[in-house]
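For chain A, the structure is supplied; the task is to place chain B with the ligands on it using the hints.
Line order of the protein sequences matches chains A and B.
The opening position of the first sequence corresponds to residue 1 in this note's numbering, with each subsequent residue numbered one higher.
The opening position of the second sequence corresponds to residue 1001 in this note's numbering, with each subsequent residue numbered one higher.
FYI, nobody ran anything at the bench for these hints, they're computed from the structure.
These numbers come from a predicted model, not from an experiment.
For each residue, glycine too, the CB sits at the ideal point set by N, CA and C.
Check the hints yourself; a few may be wrong.
[Claimed, not checked] Computed footprint of chain A on chain B; a stretch qualifies when at least three of its residues, placed anywhere within it, have a C-beta under 8 angstroms from a C-beta of chain A:
1. 1064-1077
2. 1081-1094
3. 1099-1111
4. 1115-1128
[Said to hold, decoys possible] Derived DSBU-like pairs (lysine-lysine); straight-line CA-CA distance at most 30 angstroms:
5. A:K244 <-> B:K1113
6. B:K1144 <-> B:K1113
7. B:K1072 <-> B:K1113
8. A:K244 <-> B:K1072
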Amino acid sequence: MILADSFRVAWIDLCFIRRNLSSVLITSLVGPLLYLVAFGYGLGKGMTVDGFDYMSFMIPGIIALTTLTACFSTTAVKVMVQRTYFQSFDELFLCSMNPAAIVLGKAYGGMVRSLISCAILYVVGLLITPDLRFTLSAVLMILLASLTYSLIGVVAGMLSNSHLTMNMITALIITPMTFLCGTLFSVDALPGFAQAILYALPLTHTTDCIRSAMLGTGFEWIGFAVTMVYFIGTFVICYYLMVKGKR
Amino acid sequence: MTGDIIVRARGITKRFGDFTAVDHVDVDVRRGEIFGFLGPNGAGKTTTIRMITTLTQPTEGTVEIDGRDITKDVSSPAKEDIGIIQQHISLDKDVSVLENIRYHAILHRIPRKEAEERIERLSRMMGLEPYMDRLVLNLSGGWKRRVAIVCAIIHEPRILFLDEPTAGLDTQSRHMLWDLIRGLNANGTTIFLTTHYMDEAEELCDRVAIIDHGHLVIQGTPEELCMGIGSWAVEYRDSDGVKQYRYFTDMEQSRAFQESLPLGSRVVSRNTNMEDVFLEVTGRDVVATEEVTFRI
Ligand SMILES: Nc1ncnc2c1ncn2[C@@H]1O[C@H](COP(=O)(O)OP(=O)(O)OP(=O)(O)O)[C@@H](O)[C@H]1O
Ligand SMILES: [Mg+2]
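Just chain A, same shape as in the assembly (with noise of 0.2 angstroms):
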């Protein structure tokens, strides 16, 4: 019931996505790909890190910091738009949805775009590179944490009332996050505070799932529960938003 509504709510973000499909992929694309130019085949060639060569630790990393800004960006924006500029949001509040559904709906774009763009930049990894592997365990976790952020961004669309704040709290949380969150070299190099702080980020945790999974290490049962106690709690704080919020 809930879940049939969760795509009803989605279904003009869709709509968007499926009208705009190029230029919503090369945009989640482009940063990714050249990440992978410029430090896999650039900067560390020859490099290995935790035993694996540089590309092959790098390729899970880029996919993980993919999800996040994938999803964030579509969702966040989507909401505020939809809230501020088209008020087309209160339209959701006429019809008889429960929240819940639309709090998933409303996260449904940002997963799109992530599991395509994820998809695409899977197959570049196992193609360049042979240390990788397809593995249940990493898509698993792809999903989770394009769920997560789609909804993180959700929040922040609740929150922010102009393309401003919007930049503001990408420049301040998510630009961070992308770049040292151990997408793209390895936590442990760094110092000790250093490490807890940024083992209190999600994006830390998902990399660490995505890229054992994908590596063959095993599965990161840590990384994967850290992730899911973010996703409750975001989905909480969208649900209380949705219920009270100043819509």
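Just chain B with the ligands now, with coordinates in the frame of chain A:
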């Protein structure tokens, strides 16, 4: 037209910080009527409509739709009974007209076949057919409003709220919309509309209420309200050439007054209309707090 109440708002109040936009307003809308909600800019009409339709949470007060309190439960099934066309058009402007309309049908869980039939019928009625595949972004304001209308009535609500539906429409569209409102009303839809056009209120509304500075000042049928200030209006210019208005309940009094005016004054004698009521009740100055007088 039965007398029972379909929308009952009691003491609804909205404060934005220190500012009280709507102050303890009671509204009763009877089933099957066209109810007009009038007031100057910033009086609190939109805020009231948004509170009644649950889009804005009231600071105080309760709203019942057909006896069910819809402010408590976000997913209340009673919401399926209402439709609203907002003052600021609330459509997804980056997708097509058809996608917007379909989305509303989907949100209201209308079965697909039924939905497509309604979409076809309504878009034909509103003349939207040539525009269905255009992005809403590229439509003119009047056409966007037509799309918003279709979206708001696709689920056949029993009460339709319209916030300044005819603002910015050309004469043809205005008359089309009046016909539409009358047609929906004839089929049993209760209408709640706000407007700045007094001719519209007189033309359409069974009953009207006037709100000013967040307070409900008066409500009744247009005839009652006109009678309330006096059915006979006299317009004349005083010695400074400023236009003045006097109202009389009695035609004899009106005639006596006209005769008492200095010879050669330009005097117009006519029936009182809603415009008079509105101006009497809310004051003739555009900005009541500042010293503004309009010399005609
Ligand atoms: N979100 C808000 N925050 C602060 N003040 C608000 C907000 N929304 C409305 N107001 C104020 O509340 C008052 C009533 O606004 P409202 O939009 O209800 O007026 P209105 O009668 O619909 O006016 P108009 O005829 O111009 O549409 C105005 O003074 C407005 O500035
Ligand atoms: Mg208004």
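Now for the hints, and whether the structure bears them out:
Residues of the segment 1064-1077 of chain B with a Cβ under 8 angstroms from some Cβ of chain A number 4, which satisfies the need for three, so the listed coverage holds. By the rule of at least three residues with a Cβ nearer than 8 angstroms to a Cβ of chain A, the coverage given for the segment 1081-1094 of chain B holds, with 11 such residues. Requiring three or more residues with a Cβ within less than 8 angstroms of a Cβ of chain A, the coverage given for the segment 1099-1111 of chain B holds, as 9 such residues are present. Remark: the segment 1115-1128 of chain B is not confirmed as covered by chain A, as 0 of its residues place a Cβ nearer than 8 angstroms to a Cβ of that chain, below the required three.
Restraint check for K244 (chain A) and K1113 (chain B): not satisfied, since their Cα atoms lie roughly 36 angstroms apart, outside the 30 angstroms limit. A distance of roughly 25 angstroms separates the Cα atoms of K1144 (chain B) and K1113 (chain B); the hinted pair therefore holds under the 30 angstroms criterion. Among the hinted pairs, K1072 (chain B) with K1113 (chain B) is inconsistent with the structure: their alpha-carbon atoms are about 33 angstroms apart, more than 30 angstroms. Distance restraint check for K244 (chain A) and K1072 (chain B): the Cα-Cα separation of roughly 11 angstroms lies within the 30 angstroms cut-off, and the hinted pair is therefore satisfied.
The structure is inconsistent with the numbered hints 4, 5 and 7, although it conforms to all the rest.
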